[in-house]
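Enquirer: Could you fit the two chains together into a complex? Lean on the hints.
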Amino acid sequence: MRLNTVIITIAALLCAFVPAGADTGDLEGYLKKHVVTRKLPNGITLIMLNRGFAPTLAFELAFRVGSADESYRTAGAAHMLEHMLFKGTDKLGTNDYRKEKMYLKKIEETGERLDRLKLTDPRSDEIPRLKARLKKLQGEHSRYVVRSPYDKVYTENGGVGFNASTSRDMTGYYIELPSSKLQLWAEIESERLRRPVLREYYIERENVMEERLMRTDSSGIGALYERFIATAFMSHPYRHPVIGWGSNIPYLSLRDVENFYWTRYIPSRMTITVVGRQDTDRTVKVIRKYFGPIKSRPAPPENTVAEAPITGERRFVYYFQSNPYLLIGWIKPAFPDPVDYTFEMIQEVLSGGKSSRLYRSLVVEKKIASSVSAWNGFPGVRDKNLFVVAATPQPSHTLEELEGEIYREMDRLKEDVAAEEMESARNRMESRFVLGLADNEEVAGLLSYFQTVYGDWQELLRYMEQIRRVTPADMKAAAERYLHDRNRVVGMLKDPGEGGGDR
Amino acid sequence: MRRMMKLRFFCPLICAAWIALPGITAASGADALPVDLPPVRTLQTSCGAKVFFVGDELPQLTIVASVGYGRLHENSESAGLCDLLARTISLGGSKRYPGMKLHERVDSIGGMLSVSSSFERTVISLSVLPRFREEAFSIVSSLLTEPNLDEEYLLMARSLVADEIRRRYDNPSNIAFDRTMGIIFEGKGYGAIPTVEKMNSFTLKMVRDAWTKYFGARNMLIGVSSSIPYEQIRKDCERHFSSLAPGEKMDYSVDAASVAATVRRNSRKIFLFPKDIPQATIVVGTLAPDIRDDRCYPLALMNFVLGEGSFNSRLMREIRVKRGMAYAVSSVIRFRRNTGVFLAYAQTKIENVAMVLPLLKGNITGMGRDRLPRQDIGWAKRSISNSYIFRFETPMDILGNYLEREYCGLPEDYYERYLSRINDVTDGDVMRESERLFRGGLVTCVVGREDLRETLKDQGEVVLLK
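In order, the protein sequence lines correspond to chains A and B.
Residue 2 is where the first sequence starts when you use our numbering, and the numbers rise one by one after that.
Residue 9 is where the second sequence starts when you use our numbering, and the numbers rise one by one after that.
In isolation and in its complexed conformation, chain B is listed as follows (with noise of 0.2 Å):
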């Protein structure tokens, strides 16, 4: 079956998944079509909820609710009490809907129901065939205004979250990257790493708690993409987001400066969490600016030439065409409302460990000290602005557009301008803020047999983690 045993050539293993899109940019070409993009309508609920909408010529429902709490809310002590309370609401249902009573009504009505937590934001989606509104709302709502948040829900699902936290390292990547963020952000946010015996801490007042503080109407958005007219889908937010509590706007906050010292003081060390294995797993990376910095420009560029850029990229190509070192080998830089964060990463067979971690760091760095040839940032640039049209290709799409403009703060024109933006970069501009963002080192971590200790001692100080 197609979804499983298909190998790729190419096969990122963190996608760097671009938030910001840009305006009503046809395709290049003399034989460019015109774009015609279905416009967005917002509206506010009573209770002070935003709403977005955008239309589908699809025979289809789909409501988001996008709640402004995720992992960057959290620190070492809480780390996961998001990703529980999203599974003790996907378990526990709502008291309209309580437990199996909603996934029977749900699968009957052959709706498509996810409620899941990331670094941002705790989302509740809902896709229904348009026969289906009433229900889609009234599930949607009760979700969000009542849910089941009892004992045997909790219980359950801590148990699952828990073996989900012991599964996801057996992946070495996933000890890698956790393990490098937990470094850099000191064990919050970014670096909030969730444990078994936190998540079999956390009680049911604190997930109650949790609840209470962020599931306010000030504190979410909500996106509705439909083939319903418009005039139908207002009464029924109206009617269904009315009652939600108003609540307050929550944000998270990063101590950059704190972030950045970290990332200085282990920048000469190597951190190798032991793992027999006969492939390593390297990672490295530091803070990087929030999205709404103007150096996200330059430092987009950057990236797309470091590690980005698919198969012509300097890592790709350095690493794994030019010599065969490597299968996965990119870099990502990710720029939220508040921090950003920069990584890069190769795995390789052990005994290739001591070439390609400095082939890594090397080229990294070499993106601060050396300007870009005139002939990569064109390519960058036109790469960039070519394929822009492809973040506005659905409706849901541009929906998530809109939804994080709103969430990031940015301002309107932010889609409209952003080519213009990455097109007045200069080479000097890449140069100077690629400088800047590795002045401080890099914070590095590799996964693999314990004897890289050995290998790994004359490239720094070996650190072992438990």
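Just chain A, same shape as in the assembly (with noise of 0.2 Å):
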């Protein structure tokens, strides 16, 4: 699942106020006993911890919304949201919504029709009419908009790390203010969530295109990656990027990501996590005040597109002018299954430290990779996931020498596990868990990150606790299930220039 870097960092934090010489068990029951949970009436969460020295607060509102719950129609739309959702509101980013309303309605009719007019007919001759009416268009509107609304406020008012992030399980929108600015906060986010407009939709839609071009079009490994998930994940949405096709963004209908919105971003989905120099007891009310009356809505339903069995290894090489790179998944499921957490310990195992197997092995004493790395969970854990393994050749060596020396060590697993080295995977984990010192922001983001997407935060108690049941005879069953070559997805990266990575 997740964690490992994730929880570990959290942790420490926590024990802010934990005696020194304390463990991980300390840990749990301090958190056990300072986080406050609240449920709102019309389904919002609330999570809270008071901690540190200093009078800050680090916020996190998230959504279990992601690419995840996007159809091909429309794939982007999330990310697309969580752009336009800086825009502003009918109070906040306008000088005059009541003019700027009727630019809004034009603007849109003019978008949409050209926007179906390229796909339809793109020889049209109406296109350059529209195109220009489009920006007649905007520049008229442009009058009546205030940019970066929330932005001004919040630097004004001391906020630092104002940002939101999409990912295909979540969403998330955060800042850090001063602990005096907590009903400041509370009153733009709750207007932010009840009354989005979303102006200059068509002008930050170029701007995520540009994303993409930096992200994935111009980067080797970034497209190397979206087409390592693509042909992992055949049927279920997994398979769209956060970001959304490149032939798809040009076209995204700001009508679809309204009605994402509207559908998706409902109350029973949302967590508040508020963590920091508090008063609780204050800071429930200000919450309630500001938050309480945003209605409740009905839920929509789950992806039922699950992904079909894989039968037999995937295999693709992306020619790309960039250095080779090597990436290796086997499908598994995600959790609640037990097999979730034996995938962690196999990660740990794998690449937990310098020690660690892989770069022992493969860096230090074969010397034919220049890095490698393991990780459990991927592109989300909703649903059934990835293992992966990815690494580098050092320029000696090629691609597929490097893949099959990782296959030794996989295999490896099937044999057994020393018990020292389980003992010594799990004493790094605990360590972590209490040195990952993380400020207010990281431990809001792990709280956040589990409620939204666990349902509960205290999954994050309940980790160690199965990680520690966890035995040899786990990983070994694990790794004969699953780590085998007809479970197996391999994307190569080589550049053409190179020989294709026969070097």
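The hints are simulated quantities; they were obtained by calculation from the structure and are not laboratory data.
Where is the CB? At the ideal position from N, CA and C, for every residue including glycine.
Take these hints with a grain of salt, some might be off.
Here are the in silico distance ranges between beta carbons for each label pair [stated by the list, open to error]:
no.	chain 1	residue 1	chain 2	residue 2	range
1	B	Ala253	A	Arg487	58 to 68 Å
2	B	Ser124	A	Pro396	15 to 25 Å
3	A	Arg130	B	Ser124	34 to 44 Å
4	B	Glu424	A	Lys290	35 to 45 Å
5	B	Asp301	A	Arg283	38 to 48 Å
Anything over 12 Å on all C-beta distances counts as not near chain B; from chain A, calculated [unchecked claim]:
no.	residue
6	Gly44
7	Arg195
8	Asp218
9	Glu259
10	Arg289
11	Pro310
12	Glu406
13	Leu414
14	Asn488
Straight line, CA to CA, 20 Å or less: simulated DMTMM-like cross-link-like pairs of lysine to aspartate or glutamate [said to hold, decoys possible]:
no.	chain 1	residue 1	chain 2	residue 2
15	A	Lys355	B	Glu112
16	B	Lys330	A	Glu141
17	A	Lys102	A	Glu259
18	B	Lys330	A	Glu205
Expert: Written out as structure tokens, the structure is:
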């Protein structure tokens, strides 16, 4: 699953009030005692933790909505919506909403018509006219727009890290503010959710295309990952890139994005997390006052398209001007299947430190790799997912040689894993649980993540308990059942100018 | 999993890390809470190493040894030697903890060990649970006093660092930043860019010499953050860090006049690094003053308004928000002990380059041409003041500030006075210092398709980079 890195980070912080010499058990007790949760009548979950010496708060507002909730038509909508929720409301972001509204309607009509024509009749004479009209309308509309409205208020009130992110599983909106700005935050964010106005949509869509160019189309590794996931998942929506397909974003409909908002961003899928120095009773009052009036709405249907079982290896090569890169993934069950915890341990044994199996064998001893890592729960954790090994070969070796050596290491898991090795891995995980000292923002992110994706932040506490139960026999059984060639996806990045990786 | 596959609304290409931090300022607002920062204790070991200690409520021990040696001490002949030394120490360990034994030990105690070099410093840091205090001091002191710098680990380190250099240039923004700084700083200091060929020419003797030259007590600052009482830490430091060779404090120098002349000479050119990708990366830059220069305050405000202040900064507003022409656009100004650098960048599709480049440059030079509106400078001051507390959020933040102050030779009250210095800046100061900063022009570097040569020729002499 998930954490290893993540979890780990958290707890340390939490133990900010735990006496020296505390172990992870104390930390779990600390969290149970000090994390306060509330459920608002409309279904919103509120999580709070009072901690720290500085009068600051980290806020995270999260929805169990991600690209896994999209269809082919709406691929990229969750991420596009995240961008659009920075554009303001009917009060913030405008100097005259009554007048602005007329332009918004005309812009949408023109934009939608233009998009459809470009798709259905790209040679139409109407296209240049519509483009000119859209540009003119946008220019006139801009007179009523106050751009980046939240950002200005937040920065001058001491806000840092104002941002948001979208993954396949969830979407989160973050900021850190001085503790005295709790009410300001609640007022702004509740308005942002109640009355969003998706203004300047077609301009922002261009920015998202630029983002895609940066992350995927100009990056060999970015494009490799996109193809790797789409190869591993043939039917499940995990196959859609979070940012959307390059051929889809330019036609992503404003209406679809709006509809996505009103049907998916519902209170029962929402978690508010506040971590830092605070009076939690007061926080509850403020949150109730501002977020309480948000009306509950019915839950949309869950995705019903399951991934068909893999019945043989899937393999591809992506050519791009780049150094070579190797990705290998094995499909496996997700949480709450106990094997997910077993794969957490496998990840630790394989790549949990510089003395772990893969680094030691491939980088230090055989000198065939320049980097190697393994992780569990890719590209999301809400559904069946992948255990992945990523590696880069040293220049005198090929991707194929490296791949072979990785399989040799994976086969060793089917032999015995020594008890000492298991113990060492557990120690590292438990120790990192304390040492990964994080700030308020990281703690908030972790609590929010567990609540949003797993439905209960206390899954975080059960994690170490489950890890302690994993046995060498479990690891052997998981390796035999899942880490074989018929359950495997392999992606290679090769430079066409370098002999396609045969260097 | 959280760390993967998450797209952020805003993603800066370079981190405008703040160095300075203010004094004990509470959050603004009527209901502001008092700030209760932990005190920092200092001591000097008998060999001259200076140690800073800050208490932590968290049951942990972090030891940071910060050595004054980094890219700024290098030139085109030695670029990357600091990286090689750090990697060799990381792989080879010490005489007491050689090679894999070091990592087995660190992993078994659940420690987090890092050895790395940056522009000004090479840092060894280790975090453990308090019960491993003795072993942690032993590991760090042995890495500092008896690193295992032998041929086997050097070869391994060289191969890994060389591969990182190769892979670094798969990313167009790395190419653009490195090339821009290489031109501005004439291949020295900030402009010392490692190459695979140079890396492969470094010998064991060069690595050992670098260690001998820089890893002396007088050229090192040690920071400790822990829940363990100060008295115990003091004894541990005396015991483990008193046998360091005293060495000498090492400094680097930058010939500002020469750098300024180089910027002027190249300011009408556009350096184009051809790469066949659909998006171009544009970087412009120039020399900035060092951290002890009073010009830092108006220039910090200028940069906030220009490109650092998030979505309301001018570059972001003009290029991304209003026109939809870039996802990544920003500026950074960095003041260091003896030098500084200003850089601004934008990434845009090839078709937009001819429009984005003049927008980028026009907004930058406009900072020295027009007085900042009162509301802009007020916004920047309020933002910097009200967020100042975040520079003191954790004990490690506080420790970092003390190390920075000591290393840069800043006055004792630097952090306490920082905000009042910012608040004293006038719009005239910002305009005057911006004009002075940009008077010599900017070095421009574009990474993108070779046909940009034709597109850009109206905006300057296009020089093709290899």
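Enquirer: Check the structure against each numbered hint from earlier and tell me which ones fail, lowest number first.
Expert: When the structure is compared with the hints, numbers 3, 8 turn out to be violated.
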